[in-house]
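Enquirer: The chain contents come next:
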Amino acid sequence: MRYSINFCLILVLLLAFSACETLDGLEPQPQQSLSAGEAIRDANGAESALTGTYSFLNQDGYFSRMFPVYGSILSGYLGSTTGTTRDITFQSESNSVRPSDNTLANTWDDIYEVANAASNVIERVGTLSDEDGFTGTRKNEIIAEAKFLRAMAHFDALRLFGRFWDNSSPLGVPLRLEPGDANNAQLARSTVAEVYASIQVDLDGVVADASGFTVSYFASQEAGLAMKARVALYAQEFALAAQLADQVIQSGVFSLEAAYADVFVNRLNSSEVIFAMFASQTEGSGHTFFHLTPSSELGAGRYDYGPTSQYTDLIAGDPRESASVGVTPDGPEVRKYPNLTAGDDPTYVLRLAEMYFIKAEALARSGGDLTEAADALNVVRNRAGLEAVSPSSVEELLAFLQEERVKELAFEGSHEWFDAIRYGNVSSIKPTVTNENQWALPIPDIEVDPNDQLEQNPGY
Amino acid sequence: MIALSPAIAQQAISGTVLDGQTGDPLPGVTVLVKGTTYGVYSDDAGKYTIQVSPSATTLVFSFIGMADQEVLIEGRTQIDVSMVSEETNLQEVVIVAYGTSRREDLTGSLTSVSGDAVQEVPVAGIDQVLQGRAAGVHVTSANGQPGGGVSVRVRGPSSINSSNQPLYVIDGVPVEAQDLQIPGQFGTATGGGLGGQTGNSLSTINFSDVESIEVLKDASATALYGSRAANGVVLVTTKRGRFGQRPQFDFNFSVGQREPINLPDMLNAQQYQEILNESRTNAGLDPFDPGSFGDEDTDWLDAVFRDATVQRWNFSLRGGSQASRYFASFAIDDQEGTLDGTGFQRLSGRLNLDSRISDKLSFGTSATVSLTTENVQANDNFIIGPYVVAMRSRPDLPIRQEDGSFTPIPGVADNPVAAGEGYQNDFETLRILASVYGELEIIKDLRLRSSVALDLASLNQDQVWSTATLGGRLNGSGYAQRGTNEFRSIIWENTLSYDWEIDEQNRLSALVGGSFQRDTRDNFVASATDFPNDILTTFASAATPLLVGGVGTERALISSFARVNYNFDDRFIVTGTIRADGSSRFGENNRWGFFPSAAVAWRLDNESFLENSPVLNELKLRASWGIIGNDRIGRNNGGLGGNFASLGLYGSTDANGVAFSYAGAGGIAPTQIANPDLKWETTTQYDLGVDFAFWNSRVSGSIDFYLKDTDDILLLAPVPRNSGFNSVNRNIGEMRNQGFDVALAVDVIRNEDFTWNIGGNLNYNDNEIKRLVNGEDIAASGFNQSIIREGESLGSFFGLQVEGIFQTQEEINTLNAAAPGGVFQTAGTAPGDFRYADINGDGVITNDDRIILGSALFDFMGGVNTTLQYKGLTLFALLQFVQGNEIYNFTKRGHVFQHNLFNSFTDILDRWTPTNTDTDHPRVAWGDPNQNRQNSSFFVEDGSFARLRQVKLSYDLPSLLFDNTFLQRGSIYLVGTNLFTLTDYSGIDPEVNTFGGNVSSAQGVDNGTYPGNKTYALGVNLGF
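Top line first, the protein sequences correspond to chains A and B. Per this note's numbering, the first sequence starts with residue 1, numbered consecutively. Per this note's numbering, the second sequence starts with residue 1, numbered consecutively.
No lab work stands behind these hints: they were computed from the structure. A portion of the hints provided could be inaccurate.
As the list claims (entries may be wrong) - Here are some chain B residues the structure puts well away from chain A; computed CB gaps all over 10 Å:
# : residue
1 : 75
2 : 553
3 : 738
Said to hold, decoys possible - Just some of the chain A residues that point at chain B, by a computed CB distance under 7 Å:
#  : residue
4  : 28
5  : 48
6  : 49
7  : 112
8  : 120
9  : 170
10 : 174
11 : 185
12 : 188
13 : 446
14 : 447
15 : 450
All C-beta atoms in this analysis are idealised placements derived from N, C-alpha and C, irrespective of residue type, glycine included.
Could you build all of it, start to finish, from the sequences and the hints given here?
Expert: Dropping the structure here:
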């Protein structure tokens, strides 16, 4: 009961015909939901809102299913099968994605839900004080975790929909840096440089304020460093990328699994997982069901897409083959998400192996020591059970690296596709890509139509 | 007797006051010298003596409940008077918003229905008795469920997503008339797991208590209700006693029988087998083996329908002393539905009291308590209810197998009899509607009135699916869902009114008032499964609890209002009103809405040039304008949402109920975008009317032309998704209703022994959607059969146009050859299939060829009634009609194609075959290769009908029968409802509304709707 008799009310009841301007004493509040002002008022509300932000990762358009497979299909390592039900698979396979596609719309939606929820946390928790029930530095940690999620969402949006490969391009993505409402939704695209800058500012906040690593499914200081290393690599700040990747490696918090296959057995508890999306039986992800074939010995899935010969030929004979791909009567299937009955396969966002790759690539591209770069690459190769390589040139090292990244990281985060763009050989990897316009996906109609400020990507 | 003030006596006048109706002396009548405050009361014998000065010219006799009488003294010392009850003068005084008005003084448009007219109709709710009786008021029962949902539209619908039901005000109290049923597990937002069926919280009111119903139609009449007035206002006034009336006891009993208006004719077992195999053969499949058919010939509909009984007992007592009066009633209604397992019971009591503490101060109360139980079955757009599965079940199988168990029916969820017997769903509602008022006359003619009212409705739902039903097997062993929904409204209203007779020619009355209302609603629901057997189904016996849910909501409304009515010489009357409503539902930038109205009337009959007309008794021209609102904004979500549509909200689940949890912890996240500008939907209404009476008022009536422009209609507007949201509720839409109402009454014969009168009403309404978000179509709920489109009327049907039936393969080949993909319709198209119109001419039939096929909204509707009275014998008949609307016969979709195992209507006997080519019905083909079942003009039928709504023959028993008994009067009657229907509609019943009254955009759809019923009843009234 939130009523109080106020002056206006008394006037009315005294029969005075009054034009009260406000209804101060008369504001029932919803019970099953909270008005935005009431929702985040203390530490409990802040924690709940942060949990809600994390929960948006586990959505079909984003980490629950689609984000890791877009790049795999766009780059040709994953393809349609007899079980394909969604049109987006065919569109991605032929690199002719349409802005009207519903799945693509969901992806945009889901990513920006994360960014918006994170901005709500950052802004509203920022107005609280440490005395509002927070223990220790928890208030700043919450803000830092939200910044990690917002930076990641903006980076993923940039990689799918923006010209992330061109620092001078005006075609970045909209930056959702304040809580969304009906009045600030007419948001134009920021430039690529602005998006990178904003992501780096957020990640600096993570590195400064986040707690040290405890579990892989919450953002930590180390996850901030690792993400910052990846972003620096994409932004072509190679010296910084090499230094940050090395910092994560040297932190000693993470270590490579002895066997590659153990990553997908230990999952969230794997010693090399820096950040992953949580999944459990009750908060299941969609990966396994859509990867496995109806005749898989791991259980009957829907087999919406399967590895192509481009992938199976590449991985054939590699020690990682059996952990990555399986053969069933319906065809080959991805095996990185094997727990069909439990549904608890996480989405691997950052693994230590990638830090070695980043260190290697960034050293090479920044004119660093080629041997040191090759050493970083060979750490991952050795773990896989392969011989060390000793490339004689930067080009040779990069060629090794790109292939190694596919073998190590395929189907985990669309790396195959973004790498092909970054390495400048996307058309030779995927012949249906004939035009640079195909490198960025179209921004979905559901954003473009109601947004007068937003420019569609060229070619759509 | 108390003298009101000391009189300086100069001359005494005395006399007797009698009750004009009974001839009894009337005590307690106020006798005043006009223009003074001198007065006395009549004594127990009705006698009075008053001292008057020589200058006094007139005495005024007044008594509550009776018409004031002014008598010229003209030098007399003995003046006897007969008082006439206001009730016998109902035409003269009508109830208006926050008061009463002389009928001649009205400037607005309203329709009055006398309570007498509706006393003995065997229906459940007040709203149903309005059917066919009030011009411009369209009342549709959604289906045959007794006590079920009713859709009422006053002058057309004015909203798209929000409620279009009028505001009901009972004895001055705005009451809850929404569906209170609880959203269920099976079927989400549209009622307690019942497909489209909805409840009707007005059926908790006993309509025998009703004295009169006034339907306020134009803005001048309704605008005093401000933000709730846009859908019209229905004022219900219940009976009260009379001061000085001796106790009068009335008893009514009736009993009757009820049967379905119509049931579909299904194929018998032999026809079924024949046509089923023809369908197999036509699709290139092997016919079913004759051995796979049973030898029965079961009439499944007969097995689940029955002749139902209807009973009613009503007792009432009314009377009064000098200082107080009372009306009390108690009634029992027990109505079985024609479908097994359906019914409606109501126990209701009422006590209305008024008391005069002094001549300045009075108080009173109106209170009713009722307990209703509605037993429902799953039907209507719900494929596992007994009616729907009875139509589907094949006739060659027996009801029970040899071992006594129910025969499983292939392809059907449940054996129909098992579906009915194994399902129980009772809604029990306790309703208390009580108000207390006090009225003080501060100075002469200045009255302060204050009232407090409580409207409480507490609903309990008990739903059990036995293991014999699909619903009972889905989750485990048996299923039970129980819940409560508790609605409470508290309303405090104060008014100050003043009647000022300025001089002989100028009269002014004014009213100011304020009102405060708070509504709360709390819901709780739980379900469980795995019961030990089908008898022990309490939650305590359940092994597995399923869901527990509950939500609550509240809202507040604070208002000020005023009305001024000025009458010049009984020739010109001007009314102005304004209301300011502050509602917690509106956004913070639009907290207060202002709703003005103005009206003028010109009484031509009082002009000198017409005053002495031998023909004309009344001729009044009226014009009004006003702005009114609809505050029932936001999607209702089973009556629980909608109160907070303007706020930015955080929730713990998404719209599909998926929790925002991560790593085992529950979270919260933004779920609704704020719109601080959100407000009511605004209707601007214009009305031009004429009231007339001729030839000794033998012919009387009124004609009104109206224009209702609604804007600010709430629609979901897309927002760019970078905001984290997909849409926002915005006041964007616009819609127009225009038309006219005509009401006419003719006294054909008016003799002492014989009277005959005819009444009628007619409404024409044209509805057009003028503006939607970016001009884009909105798909309406249901099966995509309706569409919301600019320039069309609400309720438009949408689909392909059937051009005819292919007679030869050559026709098909020619079209296929010309089609870009080589296929014009489908690869399976064959002679006997529908040929659809290629509207866009691209050579292929696609969704782009869909067009508007009709509208659920009528052009004309109305009613005709007649009463013939000869001495004690009275015959009454009421015919209702609706013209120009279409019905989407979705029920037909399942039963005229024989595309699967479901049984078919006998309409299928006229199917296309190579030897029966001149027909509208396509060939039968298993699997429907041509998709003859897709939405098309084949399913859109003319829904016009005329229905003999009611016939009643009653006989007043001669009074000599009652000599030497305690009885004073009595009558017997026979009443029949829905006896006869004239329609071209091929479905079961043209009065149909599968999605209930709340979904305005998908009206007029027939999908397995529980058919309406005919009722015959015999009754007796006794009084003493």
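Enquirer: All hints, please: hold or fail.
Expert: Tested hints:
no., hint, verdict
1, 75, "46 Å, holds"
2, 553, "7 Å, violated"
3, 738, "33 Å, holds"
4, 28, "4 Å, holds"
5, 48, "4 Å, holds"
6, 49, "6 Å, holds"
7, 112, "5 Å, holds"
8, 120, "6 Å, holds"
9, 170, "17 Å, violated"
10, 174, "4 Å, holds"
11, 185, "4 Å, holds"
12, 188, "10 Å, violated"
13, 446, "6 Å, holds"
14, 447, "5 Å, holds"
15, 450, "5 Å, holds"
Taken one by one, the earlier hints fail for this structure at numbers 2, 9, 12, listed in ascending order.
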